[in-house]
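In the order they appear, the protein sequences are chains Y and E.
By the numbering used here, the letter at position 201 of the first sequence is numbered 537, and the numbering carries on one by one without gaps.
By the numbering used here, the letter at position 43 of the second sequence is numbered 227, and the numbering carries on one by one without gaps.
Some hints could be false.
Facing chain Y, from chain E, some residues (calculated, C-beta under 7 Å) [said to hold, decoys possible]: (1) PRO397; (2) LYS480; (3) PRO692; (4) ALA696; (5) GLY822; (6) GLY823; (7) SER826; (8) ASP827.
Covered stretches of chain Y, as calculated for chain E (at least 3 residues, CB under 8 Å) [unchecked claim]: (9) 407-419; (10) 430-441; (11) 584-590.
Keep in mind that the hints were calculated from the coordinates and are not lab data.
On a predicted model such as this, the values are computed, not experimentally measured, just so you know.
Idealized CB from N, CA, C, for every residue including glycine.
Given next are the chains, with one letter for each unit.
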Amino acid sequence: METHFYLSLLPEALIVSMLNPEEFGSYYAVGSSKKSRGQAMFFEVDPNYQNSYFHLDEALKRCVPHEDGRPKSSIYVSVYRVLEHIDPSALLDLYLTTQDGRTLALKSSEIIPDGDEGLHLYQEIAPVTPLVVSRLDPLSFYDLIVNNPTSLISVPAITFAELQLGELASDPEMGLLNNLPYSNPDHLRQCLSDVKTKFVSTKMVDRTHSPVIPYRTIKNGFFVGNQEKLRYYPMPSAETLRAENYRWFRSASM
Amino acid sequence: MDYQTWLYVGIAGGIISIAVAVYLYFWVMRQDPGSERTQQVGSWIRSGANTYLKRLYTSLATLALILGIIIALIFSFNFETIGTTGVTIEPGSGVIMAACFIIGALCSAVAGYMGMRVAVEANVRTATAAQKSLQQAFRLSFYAGAVLGLAMVGLAVLGMSIIFILTGEAHAVLGFSFGASTLALLAKAGGGIYTKTADIAADLVGKVEIGIPEDDPRNPAVVADNVGDNVGDVAGMGADIFDSYVASAVAVMLLGASFSTGMQYKYTVIPLILCTLGTFASLLGIQFVKVKESGKPGPALNRGTIITCIIFVGALLVLSLLKVIEPGIFWSAAVGIVTGVIIGFTSDYFTNDQYKPVKETARVSTSGSAVTIITGFSYGLISIVPSIIGVVVATLISYSVALGDGLPGIYGIGVAAVGMLSISGMIVSADAYGPIVDNARGIAEMAGMGQEVIERSDVLDSAGNTAKAITKGFSISAAALTVLALFAAYAEVVKANGIDLNISLREPIVIAGVLLGAMTPPLFSALLMLSVTHNAFDMIEEIRRQFHEKPGILAGTEDPDYDRCVGLAARGALSSLLLPAFLAVGLPLVIGFVLGPDALGGFLGGAIFTGVIFALLMANAGGLWDNAKKYIETGKFGGPGSDAHKAAVVGDTVGDPFKDTAGPSLNTLITVMSLVSSLFAPIIAVFHLF
Chain Y
337 METHFYLSLL
347 PEALIVSMLN
357 PEEFGSYYAV
367 GSSKKSRGQA
377 MFFEVDPNYQ
387 NSYFHLDEAL
397 KRCVPHEDGR
407 PKSSIYVSVY
417 RVLEHIDPSA
427 LLDLYLTTQD
437 GRTLALKSSE
447 IIPDGDEGLH
457 LYQEIAPVTP
467 LVVSRLDPLS
477 FYDLIVNNPT
487 SLISVPAITF
497 AELQLGELAS
507 DPEMGLLNNL
517 PYSNPDHLRQ
527 CLSDVKTKFV
537 STKMVDRTHS
547 PVIPYRTIKN
557 GFFVGNQEKL
567 RYYPMPSAET
577 LRAENYRWFR
587 SASM
Chain E
185 MDYQTWLYVG
195 IAGGIISIAV
205 AVYLYFWVMR
215 QDPGSERTQQ
225 VGSWIRSGAN
235 TYLKRLYTSL
245 ATLALILGII
255 IALIFSFNFE
265 TIGTTGVTIE
275 PGSGVIMAAC
285 FIIGALCSAV
295 AGYMGMRVAV
305 EANVRTATAA
315 QKSLQQAFRL
325 SFYAGAVLGL
335 AMVGLAVLGM
345 SIIFILTGEA
355 HAVLGFSFGA
365 STLALLAKAG
375 GGIYTKTADI
385 AADLVGKVEI
395 GIPEDDPRNP
405 AVVADNVGDN
415 VGDVAGMGAD
425 IFDSYVASAV
435 AVMLLGASFS
445 TGMQYKYTVI
455 PLILCTLGTF
465 ASLLGIQFVK
475 VKESGKPGPA
485 LNRGTIITCI
495 IFVGALLVLS
505 LLKVIEPGIF
515 WSAAVGIVTG
525 VIIGFTSDYF
535 TNDQYKPVKE
545 TARVSTSGSA
555 VTIITGFSYG
565 LISIVPSIIG
575 VVVATLISYS
585 VALGDGLPGI
595 YGIGVAAVGM
605 LSISGMIVSA
615 DAYGPIVDNA
625 RGIAEMAGMG
635 QEVIERSDVL
645 DSAGNTAKAI
655 TKGFSISAAA
665 LTVLALFAAY
675 AEVVKANGID
685 LNISLREPIV
695 IAGVLLGAMT
705 PPLFSALLML
715 SVTHNAFDMI
725 EEIRRQFHEK
735 PGILAGTEDP
745 DYDRCVGLAA
755 RGALSSLLLP
765 AFLAVGLPLV
775 IGFVLGPDAL
785 GGFLGGAIFT
795 GVIFALLMAN
805 AGGLWDNAKK
815 YIETGKFGGP
825 GSDAHKAAVV
835 GDTVGDPFKD
845 TAGPSLNTLI
855 TVMSLVSSLF
865 APIIAVFHLF
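Just chain Y, same shape as in the assembly (with noise of 0.2 Å):
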């Protein structure tokens, strides 16, 4: 049996499984008492990288089928600063598994969209799960969390998604909130005035937010870095996703 290598960011962990990414999805979401229900994202490693930081021969000598013949669903490797251990050029796709256990994968793209102008709301994933809003777009946003700090907070890699604001990126005051699920309002309106009328290009909006989000909400896709690369990924539209993975779009809808 094959065994694949995953980069588990919900929690962060890097995982050796002898499941292909769709069951791997549906296991890690549904199929196990551990976790028997929730999100799940994760990239699939290039097993062929290497890292010292991991026990990684370790691992696959401890991948081995069960006695009755039933693939090995997960042997942990790590579940401490994985993320930045892991040369993002090693990444291969990235799976978003819904709560009920669809997964979908998304591929990486060589474009990085430009910031369009207004302001920006992003969920940082890994390895820390702040809701921001910035004035920057996401490249900038990235390269002042990785590597050019303002202040002394600063991370080695990151994955983050840019969320959507609607009239709000624009007009925080009376821009309508224009059916986003968004708790507290009132407060991400005042947030983002602050950003847009202060001296200060980011503000936290929720220190501990949970990175468990509507996929609907995400505007254009991930992104995932660290001090030498940037890779993206993004999301296809809710048309092409209706059209062709409705399932996992109807799950997702939920």
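Chain Y is fixed; fit chain E onto it per the hints.
Frame of chain Y, contents of chain E only:
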């Protein structure tokens, strides 16, 4: 044409209607049942439906037999001669009444069974047809609904006409109606408990706890849920309208029978003439229900209803001009049918997401479930207003126009009820279409059909929900007018036995009756809803157990045990019916025999008023909460998964037993209580403590 000939026309109309229903049934069966997977999903639902129907009809057959024997015994004694020659024994009367009762129950059962049978066959075929075109899927599902609609009115007209021809007594048709209503009550209440047990349990564990979408085959309760749609909305609603339809005609027949000797026959037959005209109007109206590929099913259904009304009113006008019926009867029936349609459409206002009540309830859901409940409940209360005003207007106009023609005003009210229900063939066809397309959508999901099929099913389903809302408003209002006529019929039967009812609120015994009557519909509703929560609790435990013991179910590597959930829902529904059945059949008798005919009159009055209010409130509030949730699911106010959605899900869950269990059973409850009172009135007039 003399009035007896009209009875034969009625028989012919009934036979034609049944023949068309049978033809459509076989037409549906000839359509493509789809792929192996589709047929497998369909077979799960068919098997679940058969399990429930077998249990239901076995229980009901036993009950009908017991009640039939009791009726045969009681009506074998002639108590009218007690003051002169003492009680005389006339076994023939008892046997006839018992036979009429059993035939009524049988016809109601056959109508419900045919509807269920065609529905479970039609939903797989509709899903398959939706792969080709919306037009084909619509035609198939509507014709399948028409099987129930036409079979129902055909059996009713045929049964009433034959019984009246053979016995010449309106009271015998009352036995037929009582049989139909008793079975309808149990079928409707049992179906309502079944369907909501399965629906709530499937949603709470599947959607809320686990997060799997509706109709997902991994949910162990999904088959029970789909079976429930058929059990509650097809068999239950079919039996329910069958009972209202027959009861309205019987009420007017009883009033006609109380006329002076020369007039009796004509005015006893007139309601059957109206039913016959309505049957032919429905047969013609159904032909106009067509939709183009890019067309909308909702307007097509409404067009059919309106054309049927026009045909019916036109035919009535011709009869009026030919002096077969008086202008007062024409106007009463016309007022009834027009009011019925208007009330139906106003119900739609409160439950359709295009209008303010649903949008506002969805908007306030952003503030939490408590506000959702308060808002929906308040709009439910407001929704009572147009229907009650409609009933008031229909009552007063029909009363006045009948009086203006020299007829008793109450006869006009009864005719308005018959007019309202006369096009039941068309109304039930449109109503039964709803659960068929709802199930077709579920099958499309479960069978893994493509997005296009699901979207076409959604379009069909949306029209079905509107038709359902219209039918509910229509049937509750018709029941209100029917029981008013039955109430008058009760008074006439009591009067015929030498007692003039004195239903004065200054009499403590009447007040006692009114209060006890007013108490009964809320108590009945509570018992049904508690049955739902009790049974849903058991099923939730079962679903959780299956998910816990078989993790492969969620991963899609193991099949759930659908049969256990189907069995649990069926057992729970039937075992919960004992006390509600006693309230409907036993309590009026207890009141009558203990407190007397005046108190029973007050009892019926109290039950009618709270019954109608509660039925309208529950049906409309429940529909409103359901559509507020669906409105949010389209992406409004945060969409699925948002706080507003969670609040709306709570509202919908509260509303489920409101709109599909208690609400629709209440009109049958008040009909049954009125019928049992009229049926036993001659005996109660003789034997009562106070």
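- Item | Earlier hints that do not hold, by number | 2, 3, 4, 9
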